[in-house]
Structures are given as structure tokens and as C-alpha cells.
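Q: Here are the chains, one letter per residue:
Protein chains: 2
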Amino acid sequence: MPVSLENHQPHQVVIIGGGFGGLYAAKALKNANVNVTLIDKRNFHLFQPLLYQVATGALSPADISSPLRSVLSKSKNTKVLLGQVNDIDPETQQVKLEDKVVKYDTLIVATGAKHSYFGKDNWEELAPGLKTVEDAIEMRRRIFGAFEAAEKEIDPEKRRALLTFVIVGGGPTGVELAGAIAELAYKTLKEDFRNISTTEARIVLLQGADRILPSFSPDLSQSAAESLAKLGVVIHTKTRVTNIENDIVTLKQGDEFKEIAAKTVLWAAGVQGSTMGKVLAQRTGVECDRSGRVIVEPDLSIKGYNNIFVVGDLANFSHQNNQALPGVAPVAIQEGEYVAALVKKRLRGQTMPAFKYSDHGSLAMIGQNSAVVDLGLINMDGFFAWIFWLFIHIYFLIEFDSKVLVMMQWAWNYMTRKRGSRLMTGEGALAFAQGEYPNSKTDYITINNREPINV
Amino acid sequence: MPVSLENHQPHQVVIIGGGFGGLYAAKALKNANVNVTLIDKRNFHLFQPLLYQVATGALSPADISSPLRSVLSKSKNTKVLLGQVNDIDPETQQVKLEDKVVKYDTLIVATGAKHSYFGKDNWEELAPGLKTVEDAIEMRRRIFGAFEAAEKEIDPEKRRALLTFVIVGGGPTGVELAGAIAELAYKTLKEDFRNISTTEARIVLLQGADRILPSFSPDLSQSAAESLAKLGVVIHTKTRVTNIENDIVTLKQGDEFKEIAAKTVLWAAGVQGSTMGKVLAQRTGVECDRSGRVIVEPDLSIKGYNNIFVVGDLANFSHQNNQALPGVAPVAIQEGEYVAALVKKRLRGQTMPAFKYSDHGSLAMIGQNSAVVDLGLINMDGFFAWIFWLFIHIYFLIEFDSKVLVMMQWAWNYMTRKRGSRLMTGEGALAFAQGEYPNSKTDYITINNREPINV
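For the record, the sequence lines run as chains A and B. Residue numbering for the first sequence follows numbering that gives the first Met the number 0, beginning at 0 and increasing consecutively. Residue numbering for the second sequence follows numbering that gives the first Met the number 0, beginning at 0 and increasing consecutively.
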């Protein structure tokens, strides 16, 4: 359906999702002669790359969130609408919310990704992932709750399971989580307990591939693995999880099965496209890949509909190197900005060349004073990589909001090894105090006739 | 039951509650020859005087919380136990948790107060109070949710009710809440919405007595009322709430009944002693006052049990001026420290004179750049009072934790009128996006044949 240029009403751009893709598209349309409506379920943009810091008690949710309205308050052509989109009608060009219908001329879908448990959906409760603020608070509750429960536990085997943390997935999130939990256990919390020694905690990182951080260069993977080992993290590569049940994680390494008794299992393994991908497929016939991501055209539109675009984690863009672009913030940002530029050009009757991602590199933090940075030509690890990591994240955070002081506070906490944001809140936290362990409905574990893996 | 001095085991002090009373008692026992066990339902101490700042989006919960374990990590004689006390046996000297029993030689009960709805317990859901982090997050959700819903609402009457905020109770919490919401509506959020003007919001403060801040001197009450009026808050004194139903607050002023249509009603009116007061009364026969506070002896012990003490908001200490001391942080701190000193003296065979509260004054913040401070001899209002208010709060906050930078961030936000911590989280926030209004199960209000009060 071609975009009409004779329309005398301002062109209506509707963006679904206020993550990196959607927000940067909206920002880039600030001075365009269009009306923008940004729809999100939440009233804030979340800086997801730092979510693991919320999960491990170093930052508060608000430190990495910016109210969408305040980020866009100067964009007078932009409305923020709090709501959930349930359906799209590409023929009448309408987006359907629970209580409202919004018309669009151009639609940008940027609803991101959610966890994938590869068909084992019951693992979600046993091994939560890290996508939302609520996820992070839940992880925080489990991590700190495990130490609290261990402090009370007298059975040494149960105590050992309470002090075992298994992280499934050796990508950046898994690596960063493992490093942060190791620092918690071996440094931050060292003085805080009386009955347990937190240094007895075991942090186990499981990775299916033959090295962690497979999207980085092999020597950086190696360097990250060494940094993690120095922090006390035990890494198992070429290892798959085959079962999670009764606080036992079953692993497959080659042909061998092993078991780890662990009360806290965290999921950093797979993601899949959000539900909006399915809706688009149904309504437009567009194809999705195996992970539920929408296959997009070279200009990020979808087949047959040149006024519907998909950007960010929900998009599968494979027109560069024949490989889908990874689900990271820089890709989403560049895609969002590209579509905004395309819309502006189109309104002037001009065209745009196909989208092209400029890869400025990848980076992951491994703990206090250590990180790995892969810039293609230049690779870094150790302290300088850490400083670089900090700088990049501060730079992006302050673009939205003047959170400089928050970052200074955080750097200070980091240096002094404080974790100020350790509070366990919500119903689960109160249930915990009443004797219920927060991470499962079952009571404390019992281990019978099981061969614990040597980790 | 007398305390035995011949005991060769170290003297066991058990403290229930990690608020101001309990925590200061524990801190004061740091170098004493006793074993201390501090029991709390939560893993953090909460700086309650700033909770209204969390409710109105200026601070994050972690900014005003300190992990109990980290505050007490250097007190090697002190154990922190996360759990809920269900019962006390004064004869066997035991405190009973869900899954554990703890023996004491000296017991300090510091479990504080909870809201009182004067018998109308169903009001709790309609008009939440402000005692816990969860309360504050819930209030935040309702306040920001009301603006969001108003932005979507097309019916002008419903929109008016969504933009009406009623605060019940004109003590410090009510005054501070009203001032903060007025600043939100009239300043911070001014640029952020497209369909509504947040300056149309009405903030109504209801007070039963003939002036707000009745614990302050009359001229400071007057000055606070003027500051609030300047901010746009409408104050009704000598006004009682007789009903809250279907988003209508019914008031009684003299013999007249009036109604205000308001979607957001916040409770800052009454408190009562926590449940532990009843447990103590049942087990020891000690008397409680009408608000459920435990009547304590001149040394803060309870009648017949010189080794059980009650401090803080749960205690009714009336041996000074024949009036119960107010439920404020300085009283709790001094009581906690007094009992710690008494325990230490007693172990040396010495005695202590009766407890005496030194009143250093009261203070309340009324909004940006304004506060009232009542120091007895010196009273202040306006900007200098605000600076003083800030100074006092920063001073107490940093005593626990190095939150200096957080306070700087907050002062900066205050000056720039930013509210970084506006995120609405939790299940209610998601339900909201799905079209459900977070603060009641009923749908939007309908107003029929009702005479709205002129506010």
C-alpha cells in the first residue's frame, strides 16, 4: 500500500515500543512534519544493558530508566500513549489497543524480544530470565534470599545448594551476571553473615557452545574466561541443560549426564521475538524465523507493506553478511534512526539506500575493574576495557537524562564494593520472612541418591 | 523476672524490628559484652521520613534504604535474622519465628506502627497509606497512573476526577505529600502531556483539626498553609471523611456533608501499634492504649517484666508532660539508645534514671525551597527552613551509608524539577496498560446527581 503524499493531514507515524529502536525512531522524527504516537506498556524507557546491575543490587531500577514522557517532552509532535497493542489491521491502517484504536500512515513495530526456554516453558519459574524491571527485582530477591536462607539453614547439603548459583547461557548477560554474583559472594557480602561464609558460594556458568561470548573474538573469549575464573566462577562449555527440577539442574556434557544441586538458577540463554511478530505474520503474511523474529526487507519494511517497519530485537535483518544482526542496543538504535530518516525522505519524494549496520564493536563487563571490548580492529581487556565500558554506558545513559551523579554514585559503590540496592521487596520478600523460600513453591530441597557434579 | 548476673554465657539481647528504635539499640550495643540478634521481616532499614519522596517519584526505594547486614557488618556481636516473629513466651524467655525459636535474656520490641482506618478497614484499598516501600510504589503507581489515565480519558467529568488528588490527614506526611504532588502537577509534568493540562489538577488536603501540622506552633501551621496554598493545594480543616466509595470521598464539615469526585485518595491520617503489641498484652498482661500502643514504664520496660522493653512507635511513653511521645524517628532513636545504655549498666550492676526525651524540634518539607522547622526557641520557614531540612536529612542518611551522591542527585533533580524515579512497576502497572485502572476493581467513575464540593 503506497504512502499518499497528497494527504493534507499531517502524516501519522505510530511506533509500538519505547525501547532503543522505538525511542530513537521517535527522537529522530522530532522536527519532521509528522505526528508521532509512541505506544508502550510501560511509562519508561529501560536501559536494558545495565539490568543485570539491578538484579545484583548495584543499581536501582530508576537509575537505568527514563520516563518516556520526559525524554520526549520537547518533541511537540509526539504523543506518548500508555497501553498494550493487541492487534493490527494493515488494510484499514489501524493499531488496536484494549480501549482505543489508533490510525497510522506509517507503522514502526519495535516490541523487542522475550525469553525463550526452547519449549520448556515450565522452566521460566524455576530459572527466571532478565528482560524487565520486574525480572531484575525477582532475580535480586532470589540471589539475596538464597544467602539469607543459607544463613538460617543447618543442614550442610541444603546449605550448599542454597549457596550454588547456576547461570545458563554464556553470552554477555550470562557473563556479566556470573561476574557480578561472584563479586557479591566473594567480596561485598563477606563480612555480613555470621553462620555462613559467603566465600563458600559456587557460581557456575553453563554454555552450550565451545566458548563463552561466542560473538566476540576467540582471544577475548579466552580473556573473559580467565577473568571469570579469577573471580571464582566455574565455567562449563559444551554443556546443555536437559532438566531443571526439585532444585537439581541436569546437564549433558558430550554423552555424560551430571547434576548440580542449586537453589538459584538464572536464565541467560535464549530469546525469541515478542508476540507482535505473530500478529504481524497473521495479518500481513510476513515470514518469521525460528526464533519468532520478523524477516524484514533491505529497508526494514515487511514484504507487501512498504509502510510497516520492524526494528530492533524483533527484526531479522539478514541482508548484510547473510547473517541476522544480533539483538543488541546499537542495532536497534541504528534501525530506528534509519526508518525515521526514510520516512522523512519519502515525504519529500526521495528514496533511501538499503539499511546498513555499522558495527562499532561489542563489550562486556566481567566484574570490578575488568571487561572485554571487541572493536574489530582494536580489542581490549582488563582495566582499560572496564573504563571504556563505563564511559560508553555513561555516555548513553546521560543522553536521555542527567544521570551523571547516579553513575558517580555507582562507580563509588563499585570501588568501595558496596551494594546499596540490595533490598528485597514485593510479596515474595514478605513470604520469605514467613519461612517460605521465594523461588519455588516447594520447600527446601532434599537430595537423595544423586551424584553431585564436581564444580 | 530479674536478669541474672551470674550467667556465664554472654547475655542474649534480642531486638525485634530494624527501624530507628531497633537499629539504634543494636548499634549502641556494638561494643557491649552481649550477643545481639536483630530480627526483621525485611533485609533493610528504611528511612521512613523520606518515603513520600519515593511515592512521588523523586527517589528510589534503595536511596532511602540500607541493608541491615551492611549497617551492622562491623558489629561482630550482632546477628541479623530475616524472619517474622509470631509469638513471645516471657516465662521461658523465647521469641518464636515460623521456623525457629530464639532465646533471650533481654528483649527489645521495636516493631513500630501500621495504618489505622478507624475501623473502616475496607478503606485501605481505596486510600492506601505510606509505611512500607511497597506502599510507596503503590502510591507512585496511582499518582502517575491517574495522569496517564486522564491523558486517555475523553469524558471531562471522569478526567476531572482522575486529576483530583485527595490527601487525608494534615500531619507532616500529609503536608509533604500534598506539596510534592502539587509540584509534580504544576511544575514537573507540565510539558509532558498532550491531551491534558496537568495544571488543571486539584490537590485537596483534608484535616480533622482546626489547623494543619497541629504538633507545630500555630504560626508555623499558618506559614505551612500559606506555602501550600501558593503551590496550589486546597486545604480543608475541621473536615472529616465519612465515606469513600465509587471514587467519591464524602466529607463532613460541621453539620454539612459534601462530596469530592476523586480517583486518587491517599491516607495520612491515623496509625496504630503493630500486632506485636497485642501479642505482648496477651502474654504479659501489659496494657495497651486505644491506638494499640504498649504502655511502658519510666525505663521503657513493661509492667512485671524488667527484661522486656518496647521502643519507638509501638511504645506509649507518658511519663513526660503526661502526654504520649509522638511517633517520630528522634523519639525512637533516643529510646533505642536508652535501652542499650540501660542493658550495659545493668550488666555492670548499675542503674539508670528514667528515660527522658530531648525534643530538638520538628520539621516538614512543603515543596521545592520551602519547609517549616519548629525548634522550640527558634522557628523557621521558607528557604532557610528547607536548607535546614535537607541538611538534617542528609546528615541522618549518611550516618548509615555513604549516600551523599544520591542526595546530591536528588537535590539536583529538585532544582531542575526532574523526577527520575517515576517508573510504574509491578503487576498493577501492567494491568493498567491493559486498560485496567490500577487503584480499584471498578471501572471509571460515573457521577450522577451528586453535588460536587467546590474545591
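In case anyone wonders, no lab produced these hints; they're calculated from the structure. You may find that some hints are simply not true.
It does not matter which identical chain is meant; a pair holds if it fits inside one copy or across any two.
Stated by the list, open to error - The calculated lysine-lysine pairs, modelled on DSBU-like cross-linking and capped at a C-alpha distance of 30 Å, are: (1) K186 with K99; (2) K40 with K130; (3) K237 with K257; (4) K73 with K237; (5) K113 with K151; (6) K344 with K157; (7) K40 with K237; (8) K344 with K186; (9) K151 with K73; (10) K119 with K102; (11) K78 with K251; (12) K29 with K237; (13) K302 with K229; (14) K78 with K102; (15) K302 with K151; (16) K102 with K29; (17) K95 with K157; (18) K189 with K251; (19) K119 with K78; (20) K78 with K189; (21) K189 with K75; (22) K277 with K302; (23) K40 with K157; (24) K344 with K119.
Q: Compare the structure with each hint and give your call.
A: Okay, the hints, checked on the actual structure:
no. : hint           : in the structure
1   : K186 with K99  : between (52 Å within a copy, 29 Å between copies)
2   : K40 with K130  : both (14 Å within a copy, 28 Å between copies)
3   : K237 with K257 : within (13 Å within a copy, 72 Å between copies)
4   : K73 with K237  : neither (50 Å within a copy, 43 Å between copies)
5   : K113 with K151 : between (35 Å within a copy, 28 Å between copies)
6   : K344 with K157 : neither (63 Å within a copy, 42 Å between copies)
7   : K40 with K237  : neither (38 Å within a copy, 42 Å between copies)
8   : K344 with K186 : neither (54 Å within a copy, 37 Å between copies)
9   : K151 with K73  : between (53 Å within a copy, 20 Å between copies)
10  : K119 with K102 : neither (38 Å within a copy, 46 Å between copies)
11  : K78 with K251  : neither (51 Å within a copy, 41 Å between copies)
12  : K29 with K237  : neither (48 Å within a copy, 50 Å between copies)
13  : K302 with K229 : neither (50 Å within a copy, 58 Å between copies)
14  : K78 with K102  : within (13 Å within a copy, 61 Å between copies)
15  : K302 with K151 : neither (59 Å within a copy, 33 Å between copies)
16  : K102 with K29  : within (19 Å within a copy, 66 Å between copies)
17  : K95 with K157  : between (50 Å within a copy, 23 Å between copies)
18  : K189 with K251 : neither (33 Å within a copy, 58 Å between copies)
19  : K119 with K78  : neither (39 Å within a copy, 41 Å between copies)
20  : K78 with K189  : between (49 Å within a copy, 14 Å between copies)
21  : K189 with K75  : between (51 Å within a copy, 13 Å between copies)
22  : K277 with K302 : within (15 Å within a copy, 69 Å between copies)
23  : K40 with K157  : between (40 Å within a copy, 22 Å between copies)
24  : K344 with K119 : neither (45 Å within a copy, 62 Å between copies)
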